[in-house]
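When we follow this note's numbering, the leftmost residue of the sequence shown carries the number 3, and every step to the right adds one.
No wet-lab data here; the hints were simulated from the structure. Source: prediction; values computed, not measured.
No farther apart than 25 Å at their CA atoms in a straight line, the calculated lysine to aspartate or glutamate pairs in the DMTMM-like style are these:
| no. | residue 1 | residue 2 |
| --- | --- | --- |
| 1 | K62 | E28 |
| 2 | K178 | E152 |
| 3 | K178 | E216 |
| 4 | K74 | D23 |
| 5 | K178 | E280 |
| 6 | K74 | E28 |
| 7 | K74 | E216 |
| 8 | K62 | E79 |
| 9 | K74 | E30 |
Derived DEER-like restraints, expressed as beta-carbon distance ranges:
| no. | residue 1 | residue 2 | range |
| --- | --- | --- | --- |
| 10 | E28 | V121 | 45 to 55 Å |
| 11 | E128 | A43 | 13 to 23 Å |
| 12 | Q116 | E30 | 40 to 50 Å |
| 13 | R51 | S195 | 32 to 42 Å |
| 14 | K178 | R55 | 19 to 29 Å |
| 15 | G159 | A118 | 16 to 26 Å |
| 16 | P232 | A163 | 28 to 38 Å |
| 17 | A174 | S13 | 15 to 25 Å |
Glycine is no exception: its CB is placed at the ideal position from the N, C-alpha and C atoms.
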Amino acid sequence: MSESPASENNSVYARIARAIDFLVSEAERQPSLSEAAAQAAMSPAHFTRVFRRMVGVSPKRFLSLVTLEAFKQRLAEGATALEAQLDAGLSSAGRVHDHFLRLDAVSPGEYRRQGAGLVVRYGFHEGPLGDMLVATTDRGLCFLAFTEVEGRTSALGQLSAAWPGARLLADAGPGKYYVAALSRAPRDAGPLSIHVRGSNFQVQVWRALLRIPEGVLLSYGDLASAVGRPRAVRAVASAVGANPVACFIPCHRVIRRSGGPGGYRWSMPIKFALISRESISAP
Numbered sequence: 003m004s005e006s007p008a009s010e011n012n013s014v015y016a017r018i019a020r021a022i023d024f025l026v027s028e029a030e031r032q033p034s035l036s037e038a039a040a041q042a043a044m045s046p047a048h049f050t051r052v053f054r055r056m057v058g059v060s061p062k063r064f065l066s067l068v069t070l071e072a073f074k075q076r077l078a079e080g081a082t083a084l085e086a087q088l089d090a091g092l093s094s095a096g097r098v099h100d101h102f103l104r105l106d107a108v109s110p111g112e113y114r115r116q117g118a119g120l121v122v123r124y125g126f127h128e129g130p131l132g133d134m135l136v137a138t139t140d141r142g143l144c145f146l147a148f149t150e151v152e153g154r155t156s157a158l159g160q161l162s163a164a165w166p167g168a169r170l171l172a173d174a175g176p177g178k179y180y181v182a183a184l185s186r187a188p189r190d191a192g193p194l195s196i197h198v199r200g201s202n203f204q205v206q207v208w209r210a211l212l213r214i215p216e217g218v219l220l221s222y223g224d225l226a227s228a229v230g231r232p233r234a235v236r237a238v239a240s241a242v243g244a245n246p247v248a249c250f251i252p253c254h255r256v257i258r259r260s261g262g263p264g265g266y267r268w269s270m271p272i273k274f275a276l277i278s279r280e281s282i283s284a285p
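Please put together the full structure from these sequences, using the hints given.
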């Protein structure tokens, strides 16, 4: 199996990713459109069109969103927003994200069985941010990975490790529903179910991530406090990094308390793109 899709979109993704890295690293001096377009080897007009399609905002607007001061401001707003979510009663298991998405975690017994008896159907799809591996069980989406950086073989290995006892079946059909949902606003996407396998602590952190409103950023420390473990910041960060379904559990909404972007399992350009896309679609 090839490591990446043989498509024009793959090279376009890589070029836009270079431009994103450049814009973020130079954000404080606000580089020109021509400089950014040169990083992608495109004309300024073409670059603007492609960038807006992938990232959701213009390069100029993107620059205003990724400065250190912008992130610090959104962190201050984030703690208040999450507190409001908790006060509204969404801290219990169930529907979140405007009640459109249901998180279905395996039981302790199912966790120990490692997916034995389950059929996991998977396929590769082109999404708004490039090639993705999407996998489902009969209970919902169980794995999603962006594959542009690490490649398809690595993503399949991660899927197998996440569900070592399950039977993996190449079948892209069920995943199309979730891919389509990525291009729609949450309240327009229809009911979605996520079927995850994780420790009790990991699931607790993932549920907390789902309570971060779209367009809001939170620090790892605030997230640790939200799950009742204010001194377990490193353990919380590890659980964030173990998120098995990429943007459906929005770990990209967590950054460092300093305002730095932190890390992201599927590459920093994708994290910045997700944050930017949500900044304009948030209510």
